[in-house]
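Chemist: Spelled out, the chains give:
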Amino acid sequence: MAEPVLSVRDLHMTYRVRRSIGAVEEVRGVDGVSFDVPTGTTVGIVGESGSGKSTIGRCVLGLTRPTGGEIQLLGTRIDSLSARQLRPHRRHMQMVFQMPRRSFDPLLTVRRSVEQPLRRLRSELDADARATRVAEVLEAVKLGDDLWDRRPGELSGGQLQRAAIARALAPEPALVFLDEPTSALDMSVRGEILGLLMDLKDRVDAAFAFVSHDLEAVRAVADELVVLYLGQVVEQGPAGRVFADPRHPYTQALLAAGRFETDGVTLGPRGDQEPASGCRLAPRCPFAEPRCRELQELRPLQDELGLARCWKATETVDA
Amino acid sequence: MTAEATPRSGLAGNRRRRWLRPPVVILAVLVLLAVIGPAIVPHDPVRPDPMNALQPPSWQHWFGTDNLGFDVFSRVIYATRVDFSLALIAVLIGGGIGSVLGALAAYRGGWLDTVLLRVVEVVQSFPVFLFGIALFAAFGDGQRNLVIVIAAVNLPLYLRQIRSALLPLRTAEFVQAARCAGLGPTGVVVRHLLPNARGQILSLFALTCAYAIQIIAGLSFIGLGIEPPFPEWGSMINAGASYIIQGIWWPSVFPGLAIVLSVYALSGLTSERLSSGPGGAV
Amino acid sequence: MSENDTVPSVPSRAPGRSGHRVIAAWGRFLIGRLALLVLVLLAVSLLTFGVTRATGTPLYVAVGQQATQEMIDARAEALGLDLPLWQQYSNYLQNLLRGNLGQSRRTFTPVSQDIAERLPATAELVTFSILVSLLWALPLGIRAARKPKGFAARIGEGLAQFGVSVPGFWLGLLLIFAFYYLLGLFPAPLGRLGNVPRPPFVTGFFTVDALLAGQVSTFLTALWYLALPAITLSFTSAPPIFRITRSSVSGALRSDFVAAARSYGIAHRLVMRRHVLRNAAPPVMNLVAMTFGYLIGGAVLVEVVFSWPGIGLYAVRAMDFSDYDAVLGVVLLSAVIYVAIYFVVDLVQYLLDPRLREG
Amino acid sequence: MTETLLSMVDVEVSIPTANGDVVPLQGVDLDVRAGETVGLVGESGSGKSMTLRAALRLLPERAAVSRGDVRWRGRSVLRMEAADLRRYRGAEVAMIFQDPVAALNPMLTVERQIVDTYLANREGDATAAREAAHAALLGLDIPDPAGVLGRYPHQLSGGMAQRVNIAMALVCEPDLLLADEPTTGLDVTTQLQVLDLLERRVRDEHAALLFISHDLRVVARLCERIGVMYAGRVVEFGTREQITQDPRHPYTRALLSCADLAPGRRPGFIRGQVPSLTIRHELCPFRARCDHVHDACERLPPPRRETTDGHLAACHLEVVPHG
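Residue numbers (this note's numbering), protein chains in the order written: chain A, 1 to 319; chain B, 320 to 601; chain C, 602 to 960; chain D, 961 to 1283.
Bear in mind the hints are in silico, worked out from the structure with no lab data behind them.
Treat the hints with caution; some may be incorrect.
Label pairs and their in silico Cβ distance ranges [claimed, not checked]:
(1) B:Pro548 with C:Gly852: 47 to 53 Å
(2) A:Arg259 with B:Gly429: 42 to 48 Å
(3) C:Arg874 with B:Gly428: 35 to 41 Å
Below, computed lysine to aspartate or glutamate pairings styled on EDC-like, alpha-carbon distance capped at 20 Å [as the list claims (entries may be wrong)]:
(4) A:Lys201 with A:Glu3
(5) C:Lys750 with D:Glu1021
(6) C:Lys748 with D:Glu1021
(7) A:Lys201 with A:Asp223
(8) A:Lys142 with A:Glu172
(9) A:Lys201 with A:Glu172
(10) A:Lys312 with A:Glu297
(11) A:Lys142 with A:Glu154
(12) C:Lys750 with D:Asp981
Just so you know, even glycine gets a beta-carbon here, dropped at the ideal spot from N, CA and C.
Please build the complete structure, drawing on both the sequences and the hints.
Modeler: Pasting the structure below:
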């Protein structure tokens, strides 16, 4: 198995949140997350708000510094590098953001914005080489060339997100991290961007990470799936398997809710107190038992079906 | 629920009108006076003529004469250069340093941000005039110290305003995209943050110049900064003050009008209002 | 839909934490704020100390022109100017803490005593100027928020623009010329009561003391003398109050919870009082308090124009006389008052807003 | 035939701006009968939210109804006096907003706000109001109703805050409840629970519901009759089955294909963009993006064709070819 483009090991991110006067609470935003993203595959990372999925993206791209764990990009460790040391590695990873309109400097034309990563990360290219590369990627995302010299204000959400994907592909990165790329788009535009991503997935040899709470969108593009709950991975595996046969109660509830089924697994209301130890879903889980209080490890499922952090998921396999 | 992109055509139309509004015209006249004023002045602003002191406004002396016989009109014109140039220099120095620190505080955040904010708090806890008096007591009189005082007042003002203008931009996605594109902090600030705050910076500049003129006049009014007989609006108002209660209004009124006109012209340039808060004018 | 990118939106713990933990939390908060207050005051005193040493003239002026070198050295020693700088600063600090601001070379009385006599005059002037400002800035500000293109909005913005554009000291002169010289409606700008005997001292506010002593005519005279200077000063304090009232009220009016309240048919008066004003008040109250603290030192010029016997006039006269201890005493005091009010305002903010208090 | 509560007849709303008028509603026709759940689906800029605001006569600043009428039980809401309008809002029609926490006053406790709403719409003193507030929270799956009453809005999760808003709206005992995308801001798992809760409580209270969302699946699940909005007008209206199984307007068909994504199959999407609302569209506003456009669409405004069983579509096409 080739070295994965991105490998995240035991990533931690704890915040000191000031609740009220003097009461500072430590919140474990990301609590020991590990996963790999091999080249040529798309790993879907799903979870609800507060699950830590966007934080992972910001740590991988060096926009915030994690409080623990390791991030390796193409074999070199990047989480402990200074901004200057990280710069040469940035050409291997790029990000697409949720709000297309906010991810472009309103004063720059689309062409200038798409060219920006090339100027610094591919300084070996001269002006013409950059210009051709920009044209290449803008054509690849099928953005009308009449829009290339316009300012973001004159483009629609869908058009801007296409340009954002072009900008991310410009320096030919090994990893493209998509943080909720379709969540801010209307239904009618979401399909357009997902279709584009499905085409690019096959034509571009890079690793893709697709973070979203929109399960339908992830299902359309993801090869592997990582399911997060309150900063922890609760289930992991090939996307087909996880969607067809979810093993962890949370994944089951999440997929049922995504399909508007109320007869499937449903969770209790989201309480305030996080359990100190054991499974964090216990207070809401319909199958909770006393042993859920013990520490739940991410244990492998049968024949590469992935991992799950629940005795119930792996027990049926063992028994 | 309004449409996303409002049509562009309307903008060009009112941009032309924006430049012909009264404040701009008045400002142009004032700047002109500041430049060529001293040359076209009817009477010598520094040569007293005690014989016809305190003459009311007449064809000969449009703004009348003051207690030493100076022609008020000539001195008001002459003083335009003094007040405008000092205000400009002081605001550029104080504003320049303040903006850079503000941008760094907004972008770097963390301890630098808190330290700078505390320093600003200390400096702004001194009321402008007492602060001026204290600095004059330390460094003595003169235009150089006046510029220092005004710059010292403007520095925290710019630091705070630029910081609050740039802070929301810092977390904007396009700034994070720039960082992903390999831009360092200075690159982000210079290429993305400052250009996007250009409107606010220009407004701030206009408003703080207006504010600086008022401080210069105020300080001179209490005898600090520019010493009479050198023509300056504030000291001219002071010279005429004691005669007001005898009904001799013109030596004080006309320089004050010049200040009001300058401040109106400068603050009229921008629709934004420096909610000046306690740092308000004199 | 997605979490905000830095801090997860996990709701906080339910209220009703045990009593002692709340007190402990408040304790930590107060200590934190007090530490900040002390830090700022130290910085302020450092600045004024720096100024006293930088003037470098106390010795020369204190001893007089023809002094011989020995006399200067003796004097220097007496004043402890030969000690290392930090020791001089600690002496300076100890004096400050004991309320000893040095001696005025003009009035030959301790500076702290001079200030104590004059502070009430400034405080009364500032208080009435803010009352005058509130009279028009608040109602017009609220009305301007509700009818942005309306009559009140135009008048309010006009007055605010006038207040910002017109230098206070010049306006004072104009008012004197118009209302004293031409119309004779108001007294000459010579102090607080003219020749009317002062009411017995209680608060130092002639208006309040006169009322307490039942001397109605003195009270009216005091108001009569206060009118012009207070109105002049109010043109400085009113514009920010008008603008912040307008912006925070219109912000509340545009909020979802006001739309919700109106959609439930809640009476307009109740919507205004409990939803709009309750949310719009804190920023306005903060600004009014800060303006009060600021004008204590900011009323200098108006005091000079109306020869109002406050600390501003005292500082300017001291300045003309190179009486640096007096000047710096006033500067230090007004900074301390400003910082103290800043601290109180910060505290009240925490008490009023459940988002800060309850967490 | 049950009584028609709300009927909007050819309603047009326009907002004057510096560069000319913006017209978010361009002739909306809609009626809601007693006890019925009607849904409005439409994307951003379609005008669905403005429709609810027009129904309550709570339009944003400077916006005004420039044509048509809004009638409640036959009486025009637009011509109601202030006192009648205040009684109409709350006691007759109540609304739930998209951002649950922002719709609550941060300075007041949950109890205080529900009590105020109760006192504004029903007879009873403060104690009756407090009991009603507590009772209102029951039946909403709230683990600790008494505790929630004492809390401030910033201490509630999205789901909990929306339950409070539902309770507050129902305390007024309205005949019609308006819901502006109430579950869009919530987590997927919470969204389903709040939707079912809303449906159950509305049925228990025998109130009608006008529910709007950008997500056709949510509307199809909850509402008996559905209207599809595009560029400020209702382009199709019919029962849930008619809309989901036999859509007659090309836009509705396109929306359906976008909504169901199957793995491996290329997702459907609609090319082009929503038209600008600064012009009043005489012709069909969807024609630039429609796959079935033909010359009639470029010349004549789309007729409002209605089938015998009430399935209405504003389109020239007689029968829309499948596929």
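Chemist: Compare the structure with each hint and give your call.
Modeler: Hint check results:
1. B:Pro548 with C:Gly852: 47 to 53 Å: Since the Cβ atoms of proline 548 of chain B and glycine 852 of chain C sit about 51 Å apart, the hinted range of 47 to 53 Å holds.
2. A:Arg259 with B:Gly429: 42 to 48 Å: 45 Å, holds
3. C:Arg874 with B:Gly428: 35 to 41 Å: Between arginine 874 of chain C and glycine 428 of chain B, where Cβ atoms are some 39 Å apart, the hint holds.
4. A:Lys201 with A:Glu3: 19 Å, holds
5. C:Lys750 with D:Glu1021: At roughly 11 Å apart (the allowed maximum being 20 Å), glutamate 1021 of chain D and lysine 750 of chain C satisfy the hint.
6. C:Lys748 with D:Glu1021: Holds: lysine 748 of chain C and glutamate 1021 of chain D sit about 10 Å apart, inside 20 Å.
7. A:Lys201 with A:Asp223: Status holds; Cα separation ~10 Å.
8. A:Lys142 with A:Glu172: 17 Å, holds
9. A:Lys201 with A:Glu172: 13 Å, holds
10. A:Lys312 with A:Glu297: Holds, at about 12 Å.
11. A:Lys142 with A:Glu154: Holds. Lysine 142 of chain A to glutamate 154 of chain A sits at ~17 Å (cutoff 20 Å).
12. C:Lys750 with D:Asp981: 18 Å, holds
Every hint from the earlier list agrees with this structure, and none is contradicted.
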